[in-house]
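Novice: What follows is each chain in one-letter form.
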Amino acid sequence: MITVTINDREIKFDKAVTILEAARSGGIKIPTLCFFEGLEKFGGCRLCLVEVEKLPRLQTACTVMVTDGMVVRTETDAIIRARKAMLEFLLINHPLDCPYCDKSGECELQDLVAQYGAEEGRFAEGKRRHPESFDDPIIVRNMERCVTCTRCVRMCDGVQRASAITVTGRGDHSFVEPFSGGRYDCEYCGNCLTVCPVGAIMSRLHRHSYRAWFVEDEIETLCGFCGVGCSMILQMRENTILRAIPRMGMGINKGLLCARGRFGYDIIESNRRLTTPLVRKNGELKAVSWAEALGLVAEKFSEIKEQDGGEKFAGIVSPELTNEDNYVFQRFFRETLFSNNIDSIIRMFYAPAQAYFEGIFGQGITANLISGIGKSDAVVVAGGDPTKINPVLGLQVRAASGNGAKVVSLSNAAGLKRFASSEPVARSGSENFLYSALLKALIDTRGLPGRSGSIEQEIGNIKWPNDEEITQRTGLRKSDIEKVAEDLKDPKNISVIIGPDIMINNGLMGLFLIAAIIYVLDARIYLLSERPNEQGVIDTGCMPDTLPGGRPLEISSFREKFEQEMGYGVPGQKGLTLFEMFEAIGKGDIKAAYVMGDNPVFNLPAADRIREAMSGLDFLVVQDAFLSETAKMADVVLPAALWAEKDGTYVNLERRIQRLHRAKKSVGGLEGWQIIAGISGLMGSRMEYNSARDIWEEITRASHLYGSVSYEDLATDKSLWPYKGEPLRSGKWEIKIPEEVVEKTGHGCHVYPDRLLFHSGSFSRYSPALNSIQAEPYAVMHPDTAKSIDIKDGDRIKIAAANGWSIELVSKVDNEIRDFSVRVPNVFEGVCVMSLVDYGIEPGTGAPVWKLSDIKIEKVQ
Amino acid sequence: MQKFLLKNVDNPRSTDIREYRKSGGYKGLKKAVEMEPGKIVDEVKKSGLRGRGGAGFPTGMKWDFASRDPNFPKYLICNADEGEPGTFKDRHILERDPHLLIEGMVIAARALKVGRGYIYLRAEYPAAEVILDKAIDQAYKEGLLGENITGKGFKFDLSVHRGAGAYICGEETALIESIEGKRGQPRLKPPFPVNVGAWGKPTIVNNVETFSNLPLIIEIGPEEYSKIGNPDCPGPKLYCVSGFVEKPGVYELPMGTILRDIIYKHCGGIKGGGKLKAVIPGGISTPILPPDKIDCQMDFVNLPKAGSMLGSGAVMVFDESVCLVSVCMRAMQFFEHESCGKCTPCREGTGWLSNILERIENGMGRNGDIELLLEVASNISGKTFCPLGDGAAGMLLSFIKYFSDEFDHHIENRKCMVN
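As given, the protein sequences belong to chains A and B, one line each in that order.
Residue 653 in the working numbering sits at position 653 of the first sequence, with consecutive numbering throughout.
Position in the second sequence (from 1) plus 861 gives the number in the working numbering.
Hints are computed from structural coordinates only; laboratory data are not their basis.
Since we're looking at a predicted model, the values are computed, not measured.
Think of the CB as a built atom: it goes at the ideal place given N, C-alpha and C, for glycine as much as any other residue.
Simulated restraints, written as ranges between beta carbons of each label pair:
#1 B:His1022 with A:Ala118: 39 to 47 angstroms
#2 A:Gly126 with B:Asn1228: 19 to 27 angstroms
#3 A:Arg183 with B:Lys1013: 55 to 63 angstroms
So, partial list: chain B residues that the calculated Cβ filter (under 8 angstroms) puts toward chain A:
#4 Arg1044
#5 Ser1200
#6 Arg1208
#7 Gly1210
#8 Gly1243
#9 Phe1246
Pulled out of the complex, with its shape left as it was, chain A reads as follows:
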């Protein structure tokens, strides 16, 4: 027990804390500036100076630890004088342009001076001058205002671990600069903006457009760009978002954001948003009223249902929409249209991967806290770059590395380059050779754990490739793989993070080998989740074969119980999966499709084929916030609200249900469930919902998973898997070992979609802010690849596929791509890399496995 006396008050502590923490826990206020919770201690601003008995000098409360019997004073004359002096020093070079500075009203220096500072300054010399820097598209630097607290640098180094900025110069000419010079050329997380206490580093998005006291309302809601589910605050005035800010410590992100979350909110206010329904008349989309549009959809759908029945419909939901939207959609399809043809883009990776791992290890096996990654002693990453797909989760991998964990990256992960202890990346298409070699090496170093006979039996059946074969196929040496096995020999607390490339490259065989590696490592599983509500799509039954809650609908006892409880019928035969639907559309077996919040003709592989198929539909309804490539083909386009305009719930990749809170009323768009309920009502099947809460309550009746989670519980830990229930983790050890689905050809160059840190799917392209960071796609390739096809960095190139499609764009030569692939983001209008790839369907899961056919790249003049 440590007893400290602060201002004659005794305070006791179990463990040593800083004087500042001690004082604050006792309600004693000590002003600080360079101190920031969670950042490395600094002790530079000298505002928190206090007197400690027996120590000759004043001490900084933020750095000095209390010791037993310590006597501290925080309000003596000497301290008050010192504080005044420090504030006077801070102001001598500070421009005092508060009337013009955006920070005014929420500036820590302003507040401190108001409370502790002198009435007037005595500095009669000229202040230092430093021009404001507008070199960067979204961050403006005003170093005259900088107080050199280095909070931004410590954030960048110690938390974001991007090490993009530093203090340059010295003395009173110390300025914060990006290493890259004018433009930041960094990860644009903007976490430096969060911690800047003054107006030195600020966002240009809302420059001079608001004052802190203009904010009418602050709405705490979720970011809608990926499956991490970061919390943030939207500051509102007159139904307009002034800015998105985090609050330190808040949400699972604890106040950290990435570029998309912090700057991408401007898509909500984009002038390209759809504001009115559109109906195709004489071949052209024309603005019509909601009544006309919904009436037309109801009429057409009724007609097709009467004539042909429910199996003639295809329904595509979206992991960008809420549970409430998706739940109501599946109810509409099952009850009103009597169809189970419901699926979504998560068929590509998230859904089959989760189903596969749950089949082996048990339900909920992927439900693990993101914060657990940072506490791991080893992290294995395969199939994607977590720092790009789920950036805030990626920080946990970096944190683990900072804590000394071994980080093994088995895929192209540029964001982990400085953090990985080994990075064996196999040639594209040969990953299974790497996985099996690694599995074998791990069994050699760690042994088989003996927990499951069935998986060990299957491991015993593996035909191990020999060393020569491995080297020949993967391009890796035996020693590369032995090094990984050595790194992973001893760790006890391992996280394995799995991204989408694993499925598209290697199908179930890849998943099996990774599952076996997970088994040998006794590791936690994390599935990267590109969109905010992938888990929710599964949980709300937006799958052709499962009911809300995940039970298979073909088991009649489940289905009947559900129908009884919910009062609506469900067809007894499972529907078509996503890619089966497109095949059926192509054959004319499906007549009408409803696409809710996705852009399949751009986002799915063999996009050209999908486009061709869809053009043959009798009737296509697309509900979206923007006129996407798919919407342009529609007969009816229904404008939708985006996440900031909605109430409802998302389920993140750790299976935590979180609430969205409506920050603004959509201008023209409606929420998905409102539109669906409207159509359903017109078709004679009324749905009585007044709010997202009503739907949530219905979902909790429909889903045994969510059964015990009330709307109020959503703000608490009860909304975290297993939702007050018992975890069901006893695995069924159902191991499906599939045949190779597609033939991997050649050792040539393959094209893949690149996942960008600054963009997310095909709708972040509508964000001017994100476009100002990156407005154009590029084809990124390793210098060796570039050399072999005689391409230089910045060349304009044409990439042509065997199917006749081609794209034109600029090349970027960078060793961040470690294999022989060319990666192109599938984001920007006019450059649909998905047109260049073809797939085969993995029969067990309906997931697409890519055919890797060689591409041709040539320079364009």
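Could you slot chain B onto chain A? The hints should help.
Specialist: Chain B alone, transformed into the frame defined by chain A:
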């Protein structure tokens, strides 16, 4: 008196290991390798040696802390970032007797069980780098550095690390940051480098002159050694005298030599028979003394009693022809330029002070400027992260304390009283 530290410097071939050996070099090391490491630490403790870098911390005590730390590897760093204005004593050893330093460092490595050492050399000493590199080469060839030193099976590697021109890197934690490749700024203490230093490992940082005392201590034993100079802080001391004396230079004298004797006896008095106006006894960051204070002993114990500090032993002598306002301004400009920018009072305060001093020097002083100087200086003093700010404030406060009439004259008459 007999010279120990500078006995070789007048030999034109003193940097050669053979010459060094001829004068008894590496005898201390030979003796040290026969001793238990702990015994060497004890001897250094007994000798009473205090660090020659400026702070005067007892070397034996520092070593004791370091040798008690159970963590390995440990690092040994020689602070050769001799940046204190007026100081050029270490340079003498670095350029003219590098083996004395190397021998001292190998003895320290032996005592502290260190396998790797660095000489952090001031960027502005390029010649010393060449000389040191060559001497280190020679020492490796002769088995005095490397794997199996003197055949006794202990290992010590040594190399030169050049600084990049920052005064603050003479502060040991900033120096360590710099060696690690980071921006040279002092670290929070505790933990102290002896426990958490370079790359988080126990690190012992000593000055060139400190290391150079070690062969002597080992060779003649701590009892004999402590008979040299002031018994409270014994040993030979290098004083570097500059300014208005007849014979400026580096003088090896017993610690505690009277300041007046240094100026008048050893350096031949004030240049051209002029009159002494003031002395800075220990480098620019030590308080200036007026002529009536120069009868004190130049050591860590007695100079503070006279109102100043020994610092690096850099004696700067000013005669009546010198404008002290100008000296003060120039010194403050130095501190402003060298402030690392980490803490508020030093970063902003030194700039402010030099602004005011420039104004006064240029005949633009205002009434109240002296009071403002005093107040700003006292707002820096005792509140900075590291001693650099204290040094700047202390220097200024001493100038005004003894020579306020000069400042007054500048402000009132808008010109200097000397010229």
